[in-house]
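Chains as they are written, first to last, in my numbering: chain Z, 1 to 279; chain V, 1 to 259.
These are computed hints drawn from the structure, not numbers from a lab. The structure displayed is predicted, hence computed values, not measured ones. Possibly wrong hints are sitting among the right ones.
Partial list, computed: chain Z residues near chain V (C-beta under 8 Å) [to be verified]:
1) T2
2) T6
3) W31
4) W40
5) T44
6) R50
7) V63
8) L65
9) H145
10) Q152
11) L156
12) F190
13) A196
14) N202
15) A211
16) L254
If you want the ones that stay clear, here's a sample from chain V, every Cβ over 10 Å from chain Z, calculated [as the list claims (entries may be wrong)]:
17) F8
18) M27
19) V28
20) F39
21) Q45
22) A46
23) L108
24) F168
25) Y174
26) P175
27) Y177
Pair ranges (Cβ atoms, derived) [stated by the list, open to error]:
28) A18(V) with W43(Z): 26 to 36 Å
29) L199(V) with L156(Z): 35 to 45 Å
30) A187(V) with L258(Z): 29 to 39 Å
31) R48(V) with A126(Z): 56 to 66 Å
32) W40(Z) with W241(V): 40 to 50 Å
33) A252(Z) with T253(V): 51 to 61 Å
34) L82(V) with A29(Z): 21 to 31 Å
35) D271(Z) with A214(V): 51 to 61 Å
36) P157(Z) with T24(V): 50 to 60 Å
37) L82(V) with W40(Z): 25 to 35 Å
38) A252(Z) with A229(V): 49 to 59 Å
C-beta: ideal position from N, C-alpha, C; glycine also.
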Amino acid sequence: MTPITTARRASRRADLRATLRVIRWAARAGWEDRKALFTWRSWTFGWFLRLVTQVLFFALIGVLLGSEEQVHWLFVGNVVAIAALGTLAVGPDASEERYYGTLPLLVAAPSSPIPVLTGKTLLWMAEAFVTSVLAFVLLAPPLGHPLVFPDQLVLLPVLATVVFANYALGIFMASLVFRAVHLGNTVFNFVFWLMAAICGVNVAVEFFPAAIERLAYVLPLTHGLRAIRGALGQADYAIWAEAGAELLVGAAWLALALMGFAWLAEGGRRDGTLDHAPG
Amino acid sequence: MEGWLIPFRGAMRFQLRALRRTPTYLMVLVTIPSYTVIFLALTDQADRPDLFGAAVLAPVLIAMWGVAIWVAGMIVRGDRFLGVLEAAIATPTPYSVVLLARILVVTLAGWVAMAETWLTAWIGFGVVIEIPHPVTFVLTVALTTLAMAATAVIMASAFVLSRVANTFATSASYPFYVLGGVLVPVALLPAWVQPLSRLVFLSWSSDLLRDSLALAPVTNVAGRLAAIAVLTVAGFAVAAWTLGRVLHHVRETGELAFR
Numbered sequence: 001m002t003p004i005t006t007a008r009r010a011s012r013r014a015d016l017r018a019t020l021r022v023i024r025w026a027a028r029a030g031w032e033d034r035k036a037l038f039t040w041r042s043w044t045f046g047w048f049l050r051l052v053t054q055v056l057f058f059a060l061i062g063v064l065l066g067s068e069e070q071v072h073w074l075f076v077g078n079v080v081a082i083a084a085l086g087t088l089a090v091g092p093d094a095s096e097e098r099y100y101g102t103l104p105l106l107v108a109a110p111s112s113p114i115p116v117l118t119g120k121t122l123l124w125m126a127e128a129f130v131t132s133v134l135a136f137v138l139l140a141p142p143l144g145h146p147l148v149f150p151d152q153l154v155l156l157p158v159l160a161t162v163v164f165a166n167y168a169l170g171i172f173m174a175s176l177v178f179r180a181v182h183l184g185n186t187v188f189n190f191v192f193w194l195m196a197a198i199c200g201v202n203v204a205v206e207f208f209p210a211a212i213e214r215l216a217y218v219l220p221l222t223h224g225l226r227a228i229r230g231a232l233g234q235a236d237y238a239i240w241a242e243a244g245a246e247l248l249v250g251a252a253w254l255a256l257a258l259m260g261f262a263w264l265a266e267g268g269r270r271d272g273t274l275d276h277a278p279g
Numbered sequence: 001m002e003g004w005l006i007p008f009r010g011a012m013r014f015q016l017r018a019l020r021r022t023p024t025y026l027m028v029l030v031t032i033p034s035y036t037v038i039f040l041a042l043t044d045q046a047d048r049p050d051l052f053g054a055a056v057l058a059p060v061l062i063a064m065w066g067v068a069i070w071v072a073g074m075i076v077r078g079d080r081f082l083g084v085l086e087a088a089i090a091t092p093t094p095y096s097v098v099l100l101a102r103i104l105v106v107t108l109a110g111w112v113a114m115a116e117t118w119l120t121a122w123i124g125f126g127v128v129i130e131i132p133h134p135v136t137f138v139l140t141v142a143l144t145t146l147a148m149a150a151t152a153v154i155m156a157s158a159f160v161l162s163r164v165a166n167t168f169a170t171s172a173s174y175p176f177y178v179l180g181g182v183l184v185p186v187a188l189l190p191a192w193v194q195p196l197s198r199l200v201f202l203s204w205s206s207d208l209l210r211d212s213l214a215l216a217p218v219t220n221v222a223g224r225l226a227a228i229a230v231l232t233v234a235g236f237a238v239a240a241w242t243l244g245r246v247l248h249h250v251r252e253t254g255e256l257a258f259r
């Protein structure tokens, strides 16, 4: 090994260490933000209760339709959807950096804004994953859905890919709404409910016309949900192929998010609008 | 009472102007076509045309409740941000009356959701919803709007008390949709939940609205409208009392601007 190669490797290791340090400190800041927003009581009886009742609301439509199969289909779809809901919300939240006036500092810093935003919102991913699993475990018995341990543990890595892919879309949305912070919540709500309608959460993707079906396949919920339904025997979907597709869709949204941030930073620096937050 | 009418009308006029400049008050409307598609797709797939009316009504009720709760928070946050909360509270008109007027305006505007759902049903599914009992329908709509605005004032108290009350506002959605029988009638809920549901005005409103879309004659209209009216008055009484207590507390501690 030449001295130049060794030096390059050492430099790469130093870069990686620096990035991890940024993520660690940003994660700490994110944790403090979350603590300011919730106590364990307000989280449990406020936010978590809302998510559980959201799943219950949709599962009960199966009761209205008089079909136990529908109850289970709606239950699983909406349990996975709340994992997407929790992670997509990083979009409006991250875009508030501009509102707080910290965005120019983020862009001026030698580190990329992505590790900072990743660190600050890392907790959201963990929270979305945990709430989804807890809602599944809590509601499965009263809704008569089988709870099979340890067979259903296979669902956990698939759910993690759903969380990652939706997180990527959330970060992409943040890069877009950084230019119009006041639209953050509106865009987030529109995108989540669009996915809830067409990505197979409530009715199978195949129900819709071909053009809508094609759109559903590039949104980061469809493939992961199909993998989970396949694993639970609700439909004849190939589990690992669908999970792989979910991962690819997530990676594509992450790449778009990186481009979005580059466009935001460069555009904002060029026209001097980086710290102008309309609304 | 007469003395409150002038500020009530003034607050309504002000909110109407604010609404024209702040479309985000009606943010929830962007989700309504999706809700409509979900409910209609489910009933269509199950071949249950008898449930189309319920499927189209549910997004409207969800939108209205969402608007009322969201706007209650936005008004208090906006007043605090602009530094007028203290002045608004110092005036002789109770803040609950001003809030009721302002929330009512946006909630009324939120009925645009009805056009949205009817259009989505027609364009997306070729479903045209008719109203065989228009008088019952209009009376229920009017009372429900008032009930939503009155009940949302309770949420405003939480916003006066805390800047992070948004958490509670978002949580005041699905538990009410389930208890209020917004799509799944209360009669299908477990027996022990039903008495609790009957204390939520939405349960009476959603049942009556669904019945007014059905061909069969609607029974006991007056009694059911009276139930919504009683719960509206009770809701506003609780809201005014809660807000009064909260304001008294923050005035005493001098923390109004720091909450």
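Here is what the structure says about each hint:
For T2(Z), the suggested interface contact is broken, since its CB lies about 57 Å from the closest CB of chain V, more than 8 Å. The closest approach between the C-beta of T6(Z) and any C-beta of chain V is roughly 52 Å, which is over the 8 Å cut-off, so the hint fails. For W31(Z), the interface hint is violated, the least distance from its beta-carbon to any beta-carbon of chain V being 16 Å, above 8 Å. Against a cut-off of 8 Å between C-beta atoms, the interface hint on W40(Z) is violated, since the closest Cβ of chain V lies about 13 Å away.
The criterion of a C-beta within 8 Å of any C-beta in chain V is not met by T44(Z), whose closest approach is roughly 11 Å, and the hint is violated. With 8 Å as the threshold, the beta carbon of R50(Z) comes within range of chain V, its nearest partner Cβ sitting at about 4 Å, so the hint holds. At about 6 Å, the closest approach between the beta carbon of V63(Z) and any beta carbon in chain V falls short of 8 Å, and the interface hint on this residue holds. Checking L65(Z) against chain V: minimum C-beta separation of about 5 Å stays under 8 Å; hint holds.
At its closest, the beta carbon of H145(Z) sits 17 Å from a beta carbon of chain V; the interface hint therefore is violated under the 8 Å criterion. With a cut of 8 Å, the hint placing Q152(Z) at the interface with chain V is violated, because the nearest CB-to-CB distance is about 25 Å. The restraint placing L156(Z) at the interface with chain V is violated, with a minimum CB-CB distance near 25 Å, outside the 8 Å limit. The restraint placing F190(Z) at the interface with chain V holds, with a minimum CB-CB distance near 4 Å, inside the 8 Å limit.
Because the smallest distance between the Cβ of A196(Z) and any Cβ of chain V comes to about 6 Å, under 8 Å, the interface hint for this residue holds. Here the hint on N202(Z) is kept, as its CB sits about 5 Å from the closest CB of chain V, short of 8 Å. The beta carbon of A211(Z) is not positioned within 8 Å of any beta carbon in chain V (closest approach about 13 Å), and the interface hint is therefore violated. The beta carbon of L254(Z) is not positioned within 8 Å of any beta carbon in chain V (closest approach about 25 Å), and the interface hint is therefore violated.
For F8(V), the condition that its CB be more than 10 Å from all CB atoms of chain Z holds, with the nearest at approximately 29 Å. Distance check on M27(V): its Cβ comes as close as 5 Å (rounded) to a Cβ of chain Z, failing to clear the 10 Å threshold; non-interface status is violated. The Cβ of V28(V) does not lie farther than 10 Å from every Cβ of chain Z; its closest approach is about 7 Å, which violates its non-interface assignment. Not every beta carbon of chain Z lies more than 10 Å from that of F39(V), the smallest distance being close to 8 Å; the non-interface claim is violated.
A cut-off of 10 Å between C-beta atoms contradicts the statement that Q45(V) is not in contact with chain Z; the least separation is 6 Å. Its beta-carbon lying about 5 Å from the closest one in chain Z, A46(V) breaks the requirement of being farther than 10 Å from that chain. No beta-carbon of chain Z comes within 10 Å of the beta-carbon of L108(V); the shortest separation is about 21 Å. The beta carbon of F168(V) sits about 6 Å from the closest Cβ of chain Z, which is not more than 10 Å, so the claim that it is off the interface is violated.
The beta carbon of Y174(V) sits about 4 Å from the closest Cβ of chain Z, which is not more than 10 Å, so the claim that it is off the interface is violated. Distance check on P175(V): its Cβ comes as close as 5 Å (rounded) to a Cβ of chain Z, failing to clear the 10 Å threshold; non-interface status is violated. Listed as outside the interface, Y177(V) is inconsistent with that label: its C-beta sits roughly 5 Å from the nearest C-beta of chain Z, within the 10 Å cut-off. A beta carbon spacing of about 32 Å between A18(V) and W43(Z) agrees with the range 26 to 36 Å that was offered as a hint.
The hint said 35 to 45 Å for the Cβ distance between L199(V) and L156(Z), and at roughly 40 Å that hint holds. Restraint check, A187(V) to L258(Z): a C-beta distance of roughly 53 Å breaks the suggested window 29 to 39 Å. Look at R48(V) against A126(Z): about 40 Å separates their beta carbons, and that is not inside 56 to 66 Å. Distance hint for W40(Z) and W241(V): a CB-CB separation of about 29 Å, inconsistent with the stated range 40 to 50 Å.
Range check, A252(Z) to T253(V): about 53 Å between beta-carbon atoms, so the 51 to 61 Å window is met. Between L82(V) and A29(Z) the CB atoms are about 28 Å apart, so this pair conforms to the stated range of 21 to 31 Å. The given range of 51 to 61 Å is respected by D271(Z) and A214(V), whose C-beta atoms sit roughly 58 Å from each other. For P157(Z) and T24(V), the Cβ-Cβ distance of about 38 Å falls outside the hinted range of 50 to 60 Å, so the restraint is violated.
For the hinted restraint 25 to 35 Å between L82(V) and W40(Z), the CB-CB distance of approximately 33 Å keeps it satisfied. Our hint of 49 to 59 Å for A252(Z) and A229(V) holds, since their Cβ atoms are close to 54 Å apart.
The structure shown violates the earlier hints numbered 1, 2, 3, 4, 5, 9, 10, 11, 15, 16, 18, 19, 20, 21, 22, 24, 25, 26, 27, 30, 31, 32 and 36.
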